[in-house]
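*Asks:* Please arrange chain B on chain A, whose structure you already have, making use of the hints.
2 protein chains.
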Amino acid sequence: MYMIEDLIRQNRSYRRFYQDQPVSRETLLWLVNLARISASAANLQPLKYALSWEPEKNAAVFATLAWAGYLMDWPGPGEGERPAAYLVILGDRDIAGGFGCDHGIAAQSILLGAREKGLGGCMIGSIKRDQLRQVLGLPERYDILLVIAVGRPKEEVVLTEVGPGGDIKYWRDEKGVHHVPKRRLEDIVVG
Amino acid sequence: MYMIEDLIRQNRSYRRFYQDQPVSRETLLWLVNLARISASAANLQPLKYALSWEPEKNAAVFATLAWAGYLMDWPGPGEGERPAAYLVILGDRDIAGGFGCDHGIAAQSILLGAREKGLGGCMIGSIKRDQLRQVLGLPERYDILLVIAVGRPKEEVVLTEVGPGGDIKYWRDEKGVHHVPKRRLEDIVVG
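Those protein sequence lines, which keep their order, are chains A and B.
Residue 23 is where the first sequence starts when you use my numbering, and the numbers rise one by one after that.
Residue 23 is where the second sequence starts when you use my numbering, and the numbers rise one by one after that.
In isolation and in its complexed conformation, chain A is listed as follows (with noise of 0.2 Å):
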């Protein structure tokens, strides 16, 4: 078993977190230096990140944020679940037109760096852009790309196996177990 397999399969998304348990901006930098050493389209680098780490500011980052489309009866982690940190990955248009998929080999950096040092989190989208921009006193000059939320995760994430019916909705059980069905891995290869 190679390690690197073991870090992918444990780095679940994750949405509920011991909030109480904080993240220090020490190492929300080692979290970052990561994306930084990390490939960038013709290594132009236009990814920027902004931080949030104190109770105060998380609340006014959290507020721009949608939790978990699939989970109709859920609006996101209540008051004690919230994560305890943020990364917001900004594309700098001074440097860049586009940013490609940089953000994302950024944000899969971090969040295995943050899954070896027993924290998890979640990629975010879904984000009030002009509110998070007022938040973080953001210039023009930069794109919001992904909000990435960090944290002690607080719950339990499975990966299962697509069924025959092609549904890919993740899922909560009863027990509160967050089911996630992955496409098998003969359904991926062409040809």
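Be aware that a few hints might be false.
Chain copies aren't distinguished; within one or between two, either way the pair holds.
Said to hold, decoys possible - Listed next, the in silico DMTMM-like pairs over lysine to aspartate or glutamate satisfying Cα-Cα at most 25 Å (straight line):
1) 197 / 42
2) 191 / 114
3) 150 / 116
4) 176 / 209
5) 191 / 209
6) 139 / 208
7) 150 / 114
8) 79 / 162
Treat the hints as calculated values from the structure; they're not laboratory data.
*Replies:* Relative to the frame of chain A, chain B by itself:
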């Protein structure tokens, strides 16, 4: 030192390989599986993978790729130093209208896995897409998002710091070592 930091640091973009050291279909499937169990926006999992590991097909794929845009005098790896295999990341438009940064997440998982196995590679976005579509016999429903070249690396790649002029172009020294200037951590954190 956390393992993942070491692995990400070692996971450079390699463009010259021991072409005669094959990468098996089994290894490619193991790499695809790492992408399979990685995050996908709204868990839609619209990515598919076409694989190449045999010399003849490799040659046909190679002919569709552009290499290392900043090395003006270098047309790409010569015979004997070419990748031993390719993974082509496709977006299935029957599943999603867009692919966000899913292919970045997938590519990072794949290349970290390759690195841990003693392999290495490079994400290539500069592709003669019509020609590659013909080589692979791909239906129109698949967007060609990214080609990942894979093999056992035959070059040294080192990270350096972007100088005061801010030039991010990588370069190769007289010993053939490839230098990649990365922005400083303090220059990519906003606020």
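*Asks:* Now tell me if each hint is right for this structure.
*Replies:* Structure-based check of each hint:
1. 197 / 42: Within. Shortest intra-copy distance 23 Å satisfies the 25 Å Cα cut-off; inter-copy 53 Å does not.
2. 191 / 114: between (33 Å within a copy, 18 Å between copies)
3. 150 / 116: Answer is within: at 23 Å inside a copy they meet the 25 Å cutoff, but 28 Å across does not.
4. 176 / 209: neither (32 Å within a copy, 34 Å between copies)
5. 191 / 209: So residue 191 and residue 209 pass the 25 Å test inside one copy only (17 Å; across, 39 Å).
6. 139 / 208: Between copies, since 22 Å is at most 25 Å while 33 Å is not.
7. 150 / 114: within (19 Å within a copy, 28 Å between copies)
8. 79 / 162: within (20 Å within a copy, 46 Å between copies)
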